[in-house]
Every structure is written in structure tokens, then in C-alpha cells.
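**Student:** With the sequences and hints as input, model every part of the structure.
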Amino acid sequence: MFRSFPFFVVAAVGLATPIAAQAQSVGLDVGLASQYVGKGLGKSNENIAPFAKAEVGFGEGYASVFVTDAAGSQGYDMEIVSMAGWRPKAAGFAFDLGVMNRDLPGSRAGVDDNYFEYQADASRKLGAVATRLRVNYSPDGFAATKEAWWLELQGTVAVAAKTKVSAAVANRMADSGVDYNAWNVGAKHKLTDAFAVDLRWYDTDHHSVGEPYEGRLVAAATYSF
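For the sequence shown, the tail end lands on 719 under our numbering, and the numbers increase by one without skipping.
Derived by calculation from the structure, the hints in this document are not laboratory data.
Some clues are possibly wrong.
Stated by the list, open to error - Simulated pairs of lysine-lysine, BS3-like, Cα-Cα distance not exceeding 25 Å:
id, residue 1, residue 2
1, Lys-682, Lys-658
2, Lys-682, Lys-619
3, Lys-619, Lys-583
4, Lys-684, Lys-658
5, Lys-656, Lys-619
6, Lys-656, Lys-684
7, Lys-619, Lys-533
**Tutor:** Okay, here's the thing in C-alpha cells:
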């Protein structure tokens with residue numbers, strides 16, 4: 495179900511407000527995507543998806559809330575991701591270590607629509623390529639999915655002062671879920687310091703499972719405050 499930008503901004507800011515007063519930094523992103531994609535899969539029935547993200551920082555620590563329009567066969571019509579994390583640097587690597595709660599309101603009665611994920615990113619510049627390895631683990635995932643892993647390697651290259659091209663490959667392993675490989679490639683361009691656009695192709699190796707697993711071209715625009 496399509497909601498207005500003010501709804502997502504109010505939701506993201508409202509959820510983050512209780513801890514914002516003690517923050518050293520506060521950021522807000524609002525945007526619009528031609529459709530919502532999560533872990534390589536279409537998650538909005540190919541419909542336009544507005545989104546907003548609020549983040550507060552405390553030195554190397556942070557807390558964030560991401561809200562987006564979404565849609566799935568289990569009935570959900572929104573996704574809310576709340577995260578707390580730590581971004582230390584060591585041995586030439588930049589790390590992002592966090593725990594997140596993922597909630598999918600509107601899911602049918604009896605569907606397990608709220609679960610936790612634990613995520614670790616390790617990033618490092620190798621010549622002209624900025625690399626990132628992501629490991630995401632959930633002990634008990636959405637609906638019937640139990641233990642699940644998402645392993646992703648991403649590479650990004652700056653091709654102009656305000657333009658970056660990136661690609662990623664990933665593997666999904668899920669107990670009582672679908673195992674698949676996913677990848678994406680695209681470009682991000684900053685029209686101004688605050689406004690950026692992204693055009694990206696997403697695909698998986700399991701088209702036969704259903705529409706969410708098929709390839710898709712996604713355009714997105716984000717404004718950062």
C-alpha cells in the first residue's frame with residue numbers, strides 16, 4: 495500500500511526521537527524507489543516504494559530506523575528496520591557491527607513477522623576499488639524461515655567526481671527457506687551534495703521460485719538532510 499512521504503518521515507523520526515537528545519550527530523534520508531528490494535528480492539510487488547531513514551550517532555556508535563513501503567504474499571505492507579551498531583576501525587579496515595530488529599506490519603495472523611538479525615561489515619580500499627564484505631545472520635527469520643545467512647561481497651569504483659559504479663554478489667542460505675545466489679550492478683550519481691540518484695539491476699539464479707526472484711531494474715532517488 496503506497497503511503498506518502500510525510501508518513502515515512504514522521505515514522506522514522508518518531509521512532510528515533512527517544513534517543514536523539516543525547517546524540518552527537520543526527521541524519522535523515524528520504525527517498526523514492528521504483529520498487530523495494532531486500533536481499534536481492536523484490537519486496538513491493540513491483541510497486542513504487544517511498545522510504546525514510548533516521549540515524550543518530552554517538553562517536554563510533556549509532557542507532558537508526560529505516561521505514562519503507564513493502565508488500566508480500568504473507569500480507570505485510572510495510573517494513574521497519576531498527577538497528578544499533580558500532581563502527582570501529584582497525585588494521586586498515588572499517589567495520590560496521592550491529593544488531594537489527596526487522597518488523598513487517600500487516601502480516602497475516604500467525605505469521606512470524608518480527609525477528610532479529612546480526613550483521614557485520616568489513617570494508618577496505620584496494621587500489622581504486624572500495625570493497626565490503628557483509629555477513630548477516632538470523633537465528634529465526636521471517637514466517638517459516640528458521641536459521642538464515644546472507645553473505646555478500648561488494649566492490650565500488652569512482653568513475654567521476656560525483657559518480658560511482660558498484661557491483662555485488664551474494665549467497666542466501668536459509669533453513670526452511672529458499673537458498674539462492676543474488677547479484678546487482680549499477681551506478682550512483684550525486685546531483686548535489688544532498689541529492690543522489692541510483693540505477694541498478696538486481697537478479698538471482700532462482701527465477702522459477704516466483705516473481706520476487708526475477709531480475710529487475712530499479713531506480714531510486716534519495717535526499718539527505
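**Student:** For Lys-656 and Lys-619, compute the direct alpha-carbon distance and say whether it is at most 25 Å.
**Tutor:** This hinted pair holds, its Cα atoms lying about 18 Å apart.
**Student:** Between the alpha carbons of Lys-619 and Lys-583, is the straight-line distance 25 Å or under?
**Tutor:** holds, 13 Å
**Student:** Can you confirm whether the C-alpha distance between Lys-682 and Lys-619 stays at or below 25 Å?
**Tutor:** holds, 18 Å
**Student:** Between Lys-656 and Lys-684, does the CA-CA distance stay at or below 25 Å?
**Tutor:** holds, 5 Å
**Student:** With the threshold set at 25 Å, check whether the alpha-carbon distance from Lys-619 to Lys-533 stays at or below it.
**Tutor:** Holds, at roughly 24 Å.
**Student:** Do the alpha carbons of Lys-682 and Lys-658 lie within 25 Å of each other, as the hint requires?
**Tutor:** It holds: about 5 Å lies between the C-alpha atoms, which stays within 25 Å.
**Student:** Is it true that the CA of Lys-684 sits at most 25 Å from the CA of Lys-658?
**Tutor:** holds, 9 Å
The structure meets every hint from the earlier list without exception.
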